[in-house]
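Just so you know, the protein sequences line up as chains A and B, in that order. When we follow our numbering, the leftmost residue of the first sequence carries the number 1, and every step to the right adds one. When we follow our numbering, the leftmost residue of the second sequence carries the number 1, and every step to the right adds one.
The hints are simulated quantities; they were obtained by calculation from the structure and are not laboratory data. Don't be surprised by glycine CBs; every beta carbon is placed ideally from N, CA and C. Treat each hint with caution, since some may be false.
Unchecked claim - With the Cβ distance kept under 7 Å, some of the chain A side facing chain B (calculated, not the full set):
no.	residue
1	Leu17
2	Phe18
3	Phe20
4	Arg48
5	Ala51
6	Pro57
7	Ser88
8	Val110
9	Val118
10	Gly126
11	Gly127
12	Ile130
13	Ala140
14	Val143
15	Leu161
16	Gly166
Claimed, not checked - From chain B, some residues computed to sit far from chain A (all C-beta separations above 10 Å):
no.	residue
17	Asp8
18	Val12
19	Ala13
20	Arg36
21	Arg43
22	Asn64
23	Ile97
24	Tyr107
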Amino acid sequence: MSDALSQLAIDFSLLSLFAFGGVITVLPEMHRTVVEVHGWMSGAEFARLFALAQASPGPNILVVSLIGWKVAGLAGAVVATAAVCAPSSILTYAVSRIWQRFRGARWRSVVEDGLIPVTVGLMLSGGYLITLAADHSFGAFAVTATTVAVVMSTRIHPLWLMAAGGLLGLAGWV
Amino acid sequence: MSETGPADAPSVAELFLRFTQVGASGFGGVMPWARRMLVEERRWLNADEFSEVLSLCQVLPGPNIVNMAVSVGTRFHGAPGAIAAFLGLLCAPFAIILLLGALFTHYGELPAISAAFRGISAAAAGLIVAMGLKMAASRRLRSPMAVFALAAFVGIALVRLPLGVFLLMAAPASIAAAAWRSR
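Between the sequences and the hints, there should be enough to build the whole structure, so can you do that?
Put into structure tokens, the structure is as follows:
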């Protein structure tokens, strides 16, 4: 395996086991690894790939396929996707087989109660960092802020907001 | 509908097929589609079973929807079922996203496309911020435990600690605090 491929495999399989609450919670770490540590792409490019993954059907974890593909082509995409999914999936498989035994166990809700605040802080970190990476103009910050306000106050489908952002961009406002 | 019992257990091929449909149909969040397929259309799980599997998937690391596919696959057919559901969920979206990525590489430099993507990226960032704020506003965070959310934001977003280092310190402390509170 090439250097980049093995690096992807190692870094992303660790991310897999830290991703409590899904891919968004490891977004800051992904950004740190991909942009800051290895310099595989710029922050703006990272934000674009992330937006592409959000705008595409399927689980948004597939942003790692795009990152892998950008770093090392098709092999990179396969390795990155497998690395980020396999460790957590194997763990889920193992736990699913014995889970019935832990039904209603008290430590389950204790672990959940303990992890949720941390997860929320990680989500907010992800939002903060991706905003800094994506927005480089007053217009862009305005689009982000408006999107936040609309999502918080209505039940509109996210795709419409991304489409609106795209149109504003086309109009040269962002 | 109440007189119809639960559907028969699915075959491995059916797991693959149905999760393929789920994977390819979800925009901006696949879980609602998974619930619709599992509980309403196929009735492989009832609503309570679904919630139980979901809470398991949330407490384990990894993408929740991928964990859901693995867990449901395991439930019906062990390892082969898990692999079928996993591959079903990811294969089609994987192909689609790489196709989009390739198109983007070819045409992304066009001024119109890159202008549109500045707007799309800004909106996508807003979606994440809003998701974090919504979770922060939830009932479970209205307690002193919220200090751990603040610590995570300071440690990860501002100080930029590596995630592993931060979690090794924060997760045990946070779980211990939750255990102490539930005495």
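Results of checking the hints against the structure:
1. The beta carbon of Leu17/A comes within 5 Å of a beta carbon in chain B, closer than 7 Å, and the hint placing it at the interface holds.
2. Residue-level restraint check for Phe18/A holds (minimum Cβ-Cβ distance to chain B is 5 Å; threshold 7 Å).
3. About 5 Å separates the beta-carbon of Phe20/A from the nearest beta-carbon of chain B, less than 7 Å, and the hint is met.
4. At a threshold of 7 Å, the smallest CB-CB gap from Arg48/A to chain B is about 5 Å, leaving the interface hint in force.
5. Interface restraint check: Ala51/A against chain B, minimum CB-CB distance 4 Å, threshold 7 Å, status holds.
6. Checking Pro57/A against chain B: minimum C-beta separation of about 5 Å stays under 7 Å; hint holds.
7. For Ser88/A, the interface hint holds, the least distance from its beta-carbon to any beta-carbon of chain B being 2 Å, beneath 7 Å.
8. Taking 7 Å as the C-beta cut-off, the interface hint given for Val110/A holds, the closest approach to chain B being about 5 Å.
9. For Val118/A, the shortest C-beta to C-beta distance to chain B is roughly 5 Å, which falls under 7 Å, so the interface hint holds.
10. Interface restraint check: Gly126/A against chain B, minimum CB-CB distance 6 Å, threshold 7 Å, status holds.
11. Contact between Gly127/A and chain B, as hinted, is supported at the beta carbon level, the nearest pair being about 4 Å apart and thus within 7 Å.
12. Given the 7 Å rule on beta carbons, the hint for Ile130/A holds: about 5 Å separates it from the nearest Cβ of chain B.
13. With a cut of 7 Å, the hint placing Ala140/A at the interface with chain B holds, because the nearest CB-to-CB distance is about 4 Å.
14. Restraint check, Val143/A versus chain B: the minimum CB separation of about 4 Å is within 7 Å; hint holds.
15. With a cut of 7 Å, the hint placing Leu161/A at the interface with chain B holds, because the nearest CB-to-CB distance is about 5 Å.
16. Because the smallest distance between the Cβ of Gly166/A and any Cβ of chain B comes to about 4 Å, under 7 Å, the interface hint for this residue holds.
17. At roughly 20 Å from the closest C-beta of chain A, the C-beta of Asp8/B stays outside 10 Å, upholding its exclusion from the interface.
18. For Val12/B, the non-interface assignment is confirmed: its Cβ lies about 15 Å from the closest Cβ of chain A, beyond the 10 Å cut-off.
19. The beta carbon of Ala13/B sits about 19 Å from the closest Cβ of chain A, which is more than 10 Å, so the claim that it is off the interface holds.
20. Listed as a non-interface residue, Arg36/B keeps its Cβ farther than 10 Å from every Cβ of chain A; the least gap is roughly 15 Å.
21. With a least CB separation of 20 Å from chain A, Arg43/B remains clear of the 10 Å interface cut-off, as annotated.
22. With a cut of 10 Å on Cβ distances, Asn64/B falls inside the contact zone with chain A, its closest approach being about 5 Å.
23. Residue placement check: Ile97/B does not keep its beta carbon more than 10 Å from all beta carbons of chain A (closest about 5 Å).
24. Annotated as non-interface, Tyr107/B keeps its C-beta farther than 10 Å from every C-beta of chain A; the closest such distance is 12 Å.
Figure legend: structure checked against the earlier numbered hints; hints not met, in rising order: 22 and 23.
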